[in-house]
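Work the whole structure out from these sequences, hints included.
Here are the chains, one letter per residue:
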Amino acid sequence: MLKSRLSLTAVIAGATLVSAVAAQAGDISGAGATFPYPIYSDWAKTYKDKTGTGLNYQAIGSGGGIKQIEARTVTFGASDKPLGGDELKANTLVQFPTVMGGIVPVVNIDGIKPGELVLDGETLAKIYEGKITKWNDPAIAKLNEGVKLPDAAIAVVHRSDGSGTTFNYTYYLASVDQGWKDDIGVSTAVEWPVGLGAKGNQGVAANVGQTKNSIGYVEYAYALQNKMTYTDMINKDGKRVAPKADAFAAAAANADWSSQPGFGVILANQPGAGTWPMTAATFILMHSDAKDGAASAEALKFFDWAYANGGEAAAKLDYIPMPASVVAQIKAEWTQIKGKDGASVWAMNN
Amino acid sequence: MSVVTEFETGPRATNPVARSDRVFGTLTFAAAVVVLLTLLGVFVSLAMGAWPAFQKFGIGFLYTAKWNPVTDKFGALAPLYGTVVTSVIAMLIAVPVGLGIAIFLTETCPRILRRPLGIAIELLAGIPSIIYGIWGLFVFAPFMQSVVQPALIDTLGQVPLIGTLFSGAPYGIGMLTAGLILAMMVLPFIASLARDIFLTVPDMLRESAYGLGMTRWEVNRHIVIPHVRTALVGGIMLSLGRALGETMAVTFVIGNAHRISASILQPGTTISAAIANEFTEATTPLYTASLIALGLVLFILTFIVLAAAQYMLRRMKQKSGV
Chain A
1 MLKSRLSLTA
11 VIAGATLVSA
21 VAAQAGDISG
31 AGATFPYPIY
41 SDWAKTYKDK
51 TGTGLNYQAI
61 GSGGGIKQIE
71 ARTVTFGASD
81 KPLGGDELKA
91 NTLVQFPTVM
101 GGIVPVVNID
111 GIKPGELVLD
121 GETLAKIYEG
131 KITKWNDPAI
141 AKLNEGVKLP
151 DAAIAVVHRS
161 DGSGTTFNYT
171 YYLASVDQGW
181 KDDIGVSTAV
191 EWPVGLGAKG
201 NQGVAANVGQ
211 TKNSIGYVEY
221 AYALQNKMTY
231 TDMINKDGKR
241 VAPKADAFAA
251 AAANADWSSQ
261 PGFGVILANQ
271 PGAGTWPMTA
281 ATFILMHSDA
291 KDGAASAEAL
301 KFFDWAYANG
311 GEAAAKLDYI
321 PMPASVVAQI
331 KAEWTQIKGK
341 DGASVWAMNN
Chain B
1 MSVVTEFETG
11 PRATNPVARS
21 DRVFGTLTFA
31 AAVVVLLTLL
41 GVFVSLAMGA
51 WPAFQKFGIG
61 FLYTAKWNPV
71 TDKFGALAPL
81 YGTVVTSVIA
91 MLIAVPVGLG
101 IAIFLTETCP
111 RILRRPLGIA
121 IELLAGIPSI
131 IYGIWGLFVF
141 APFMQSVVQP
151 ALIDTLGQVP
161 LIGTLFSGAP
171 YGIGMLTAGL
181 ILAMMVLPFI
191 ASLARDIFLT
201 VPDMLRESAY
211 GLGMTRWEVN
221 RHIVIPHVRT
231 ALVGGIMLSL
241 GRALGETMAV
251 TFVIGNAHRI
261 SASILQPGTT
271 ISAAIANEFT
281 EATTPLYTAS
291 LIALGLVLFI
301 LTFIVLAAAQ
311 YMLRRMKQKS
321 GV
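Note that the protein sequences, when read in sequence, are chains A and B. Take 1 as the starting number for the first sequence in full-length UniProt numbering and just add one per residue. Take 1 as the starting number for the second sequence in full-length UniProt numbering and just add one per residue.
Don't read these hints as lab results, they were simulated from the structure. Among these hints, one or two may not hold up.
Taking lysine-lysine and the DSS-like style, the derived pairs with C-alpha atoms no more than 25 Å apart in a straight line are [stated by the list, open to error]:
hint	chain 1	residue 1	chain 2	residue 2
1	B	LYS73	A	LYS181
2	A	LYS131	B	LYS66
3	A	LYS181	B	LYS66
Predicted model only: the values in this text are computed from it and were never measured.
Shown next, in the form of structure tokens:
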């Protein structure tokens with residue numbers, strides 16, 4: 001009896017106090033998106049070997065990351081959903097992108113290999129709306145001539161927690177399907193008409209892996225690491241593309257990063273023959289009036305190192321590093337991050 | 001407390017022994033008060049956190065099935081429904097099996113097996129719930145999808161009336177799977193509670209009944225179970241309280257979908273699973289308040305069940321004079 005009550009309070013208390021777990025002295029503390037977690041942990045390992053400074057990154061999700069940075073319990077927050085100019089200003093936050101990546105549909109159908117199946121945005125939206133319920137539906141069959149599709153119900157898997165991946169995914173579905181835009185909308189969590197929910201990219205990967213005839217969406221690195229069956233997509237130009245680094249990079253090539261405050265550009269459904277339609281950047285949030293200027297300086301040093309040396313590691317995990325021109329703009333933005341004394345912590349570093 | 005009062009007013013109030021007793025009494029009383037204050041504090045903070053949700057949605061929060069973070073409309077019905085349905089499934093399975101185990105252990109089990117079996121059941125109770133969850137997702141759910149659910153859909157699913165309960169596609173995970181995992185988790189509690197309760201039946205009653213020529217079935221059916229009925233119901237409700245609040249194992253296998261489906265093979269969600277899944281990512285204040293309101297609903301539900309359980313257990317103790 002006591003246990004059930006305790007576990008309830010523990011969940012509530014635990015959720016708000018995640019950050020109370022003190023980071024090791026000298027470590028950079030950050031929390032947020034799960035989407036870039038594989039690359040951040042890879043960078044952190046190398047960076048620690050080089051400099052001795054570790055990174056304590058809690059992959060608790062974008063919404064959690066935003067809450068934590070607004071509450072000033074971490075040095076940086078990470079979010080896949082860019083904040084708008086007003087929200088950045090209201091919370092005295094500086095926002096910048098670190099890497100880009102792709103979101104891929106993953107399926108579990110007997111006999112179907114990675115990249116064998118192809119879907120377009122509208123079909124994907126209809127599957128997630130519950131309007132296409134069988135794998136041998138004419139809409140899917142038309143796109144996949146010659147592929148043997150089972151006469152089985154589609155088990156739809158989505159995220160059960162709020163997530164930046166979901167934000168970018170629903171943003172894409174809404175941009176290709178009017179019904180989705182009107183009835184369901186775009187957010188880090190939506191009211192899913194069908195399917196089952198799983199927590200985190202790992203949860204979706206595990207559920208798709210365990211459920212026959214299922215479909216889910218995960219960040220590309222998770223699909224690779226779990227050796228999942230991803231599908232190809234038909235992009236805005238009507239061309240079939242495979243989820244690969246160059247297809248993600250193509251989506252970013254024409255993006256005008258300075259058009260939005262805090263580089264808040266969403267890369268879904270971009271034009272271009274080789275463009276992967278579900279590409280997304282992931283963002284870092286830091287206070288412009290840092291409580292602990294020295295900690296902010298350490299965090300900026302880490303990201304500076306990552307922009308300069310992390311490209312290869314990012315490419316290995318199929319993330320796309322930011323172009324050099326954007327990095328220069330980002331570093332200009334960093335001068336806004338000031339310590340208690342009002343001096344720019346980034347300028348102090350150099 | 002009455003003992004302490006006697007010392008305070010009695011002639012030996014200045015006696016050092018009496019004083020140490022008084023200090024000891026006060027300390028234990030304070031310890032008890034801490035628990036009550038914590039309980040009250042949890043209730044008050046839940047009520048305060050939930051207030052914006054109740055202010056916005058009113059009592060309709062309890063019977064609305066909508067859960068839409070995009071439009072900021074929330075209702076507790078779907079998780080409430082999932083909580084009750086999974087717990088009912090768990091109890092329907094765990095109660096008969098648990099009582100069976102208890103009767104076997106106290107009546108018919110060879111003496112040499114009693115201890116090992118008893119220990120095995122208690123070990124089962126010690127497995128952390130996350131282990132049940134992982135096992136449920138990676139082992140049990142695929143088995144359900146490939147074997148159990150297709151069989152249910154082809155047989156019970158075709159029967160009129162109850163057929164809708166077993167209709168739809170086999171996902172593997174869903175409310176039935178969650179209920180079965182919960183049944184496994186509460187089974188050891190029911191079994192060991194029931195065994196302890198059965199052991200309180202005086203041997204004289206049993207021996208007299210056997211002496212009159214009753215069979216084992218008759219002794220258990222007409223003597224043992226009626227004698228401890230109230231306590232059994234209390235014990236079962238204690239287990240129900242555990243099933244209602246179970247979080248991690250359920251989250252893994254229920255499918256976490258805010259929907260009410262007639263079929264128990266379909267995904268659903270429970271109150272605790274919804275909170276665990278969504279709390280860190282609740283983006284608007286109303287979203288957070290609604291999740292806390294869900295917590296308050298579960299708190300009250302569990303409180304009622306456990307209060308009823310305690311009441312029944314106490315009545316039993318008074319009756320048997322233990």
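Hint check:
1. LYS73/B / LYS181/A: holds (17 Å)
2. LYS131/A / LYS66/B: Holds, at about 20 Å.
3. LYS181/A / LYS66/B: holds (18 Å)
Figure legend: structure checked against the earlier numbered hints; every hint is met.
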